[in-house]
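Enquirer: The residues making up each chain are set out below.
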Amino acid sequence: MSKLDNILFYASMSFLLLCIFLTFLFFGPKKIIEKEEFVFVTSDKKEMLNLTLELIEEGDLLLSRPKSLIGGYEYDTKNRINLNQLTYFFWYNIFDKLIINSMGNTYWHIGIYIGQEKINSLYQGVYEHEINENLINYKYFKVLKIKTSEENKILAIKRAKEHFKKQDVYYSNKNGLIIVYLESIGSKRIYSLKENELVCSSYIGLIYNEIKFNDKPFTHLTPVALEFSEKVETKFLVNETGFFIKK
Amino acid sequence: MKKLTTIRTIYLISIINIFITLFVSSLIISLRGYQQEIIVFFENDSAFLISLFLMFIILYPIIFFVLYLITFTIQILIKDGPAEI
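Residue numbers (the numbering used here), protein chains in the order written: chain A, 238 to 484; chain B, 7 to 91.
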């Protein structure tokens, strides 16, 4: 074995280890401790759906995460989101083990309730999906009430409907990765990000333009920043045990 | 001889992997999802470069292990058994 082979081998191994180390340094897992108190209501799926539809109000935010890899895939398939199994497996693990964990093991997706059992959110484009038994079967979720006037809520719903109609907001992996990285390392740095290239949480910041959820521009709004913002309060949540309402 | 082949395979994979990962990373961060269409949009700003770097460090080890697994399987299929380090 030549000396060059040895040098190249150790250099390549060092580079590989450096990449792994940097990934864990920038996207190290964090834990969130919930301080809010909740009261258990039910674990019956039908009751959970009825209670959700009864308690959710127009303008409320719905944060969700898949129960499992298969559950998430089933939900997306039933909502006509076309991802093949291999791509879904890849994204699920990147999201679960890296992206979401680096901000705190919390919710993945966020949307606004626009009435008529519909949630409007940004995924591949702006899309609307229904609150039905699929949501209860395949996802855990939390509903947040925004502390703002009714006029602002009406305005946000109007904007959400317009964006759905025009499809003028894009989902951007680039901006998503940057804001997750900034949240993960706790940086206050602001990048110049386009206002029509967003992720689900910054899309909520766009339609609720009048509200400042944190000290960063809405383009830098992450699901964690929204969930723990002072401008929102939790109404109820559905987790692995059942339906819980805030005390 | 087998020793040499395995070590060479590893560093060759890691060199080739740099280009593959750069290509895949730039493609992923350039995607703008729009319903069923996918728009690839390359930019050249600091935000693009930092996200390219972040995506690169995430994907490099994953693609490396995938490529190594493929090469290892091919080695088993072609030869009698895997090369030893």
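Just so you know, the hints here were simulated from the structure itself, not pulled from any lab data. Any given hint could be a false lead.
[Stated by the list, open to error] Stretch-level coverage of chain A by chain B, calculated; a stretch enters the list once three of its residues show a Cβ under 8 Å from a Cβ in chain B: (1) 241–250; (2) 373–385; (3) 391–399; (4) 412–418.
[Claimed, not checked] Selected chain B positions facing chain A (Cβ under 10 Å, derived; list incomplete): (5) Arg-14; (6) Phe-25; (7) Leu-37; (8) Met-61; (9) Tyr-66; (10) Leu-75; (11) Thr-77; (12) Gln-81.
It should be emphasised that the depicted structure is a prediction, and the values quoted were computed from it without experimental measurement. We treat Cβ as the ideally placed atom computed from N, Cα and C, and that holds for glycine.
Enquirer: Going through the numbered hints above, which ones does this structure break? Give me the numbers in ascending order.
Expert: Per hint list: 2, 3, 6, 10, 11 and 12 violated.
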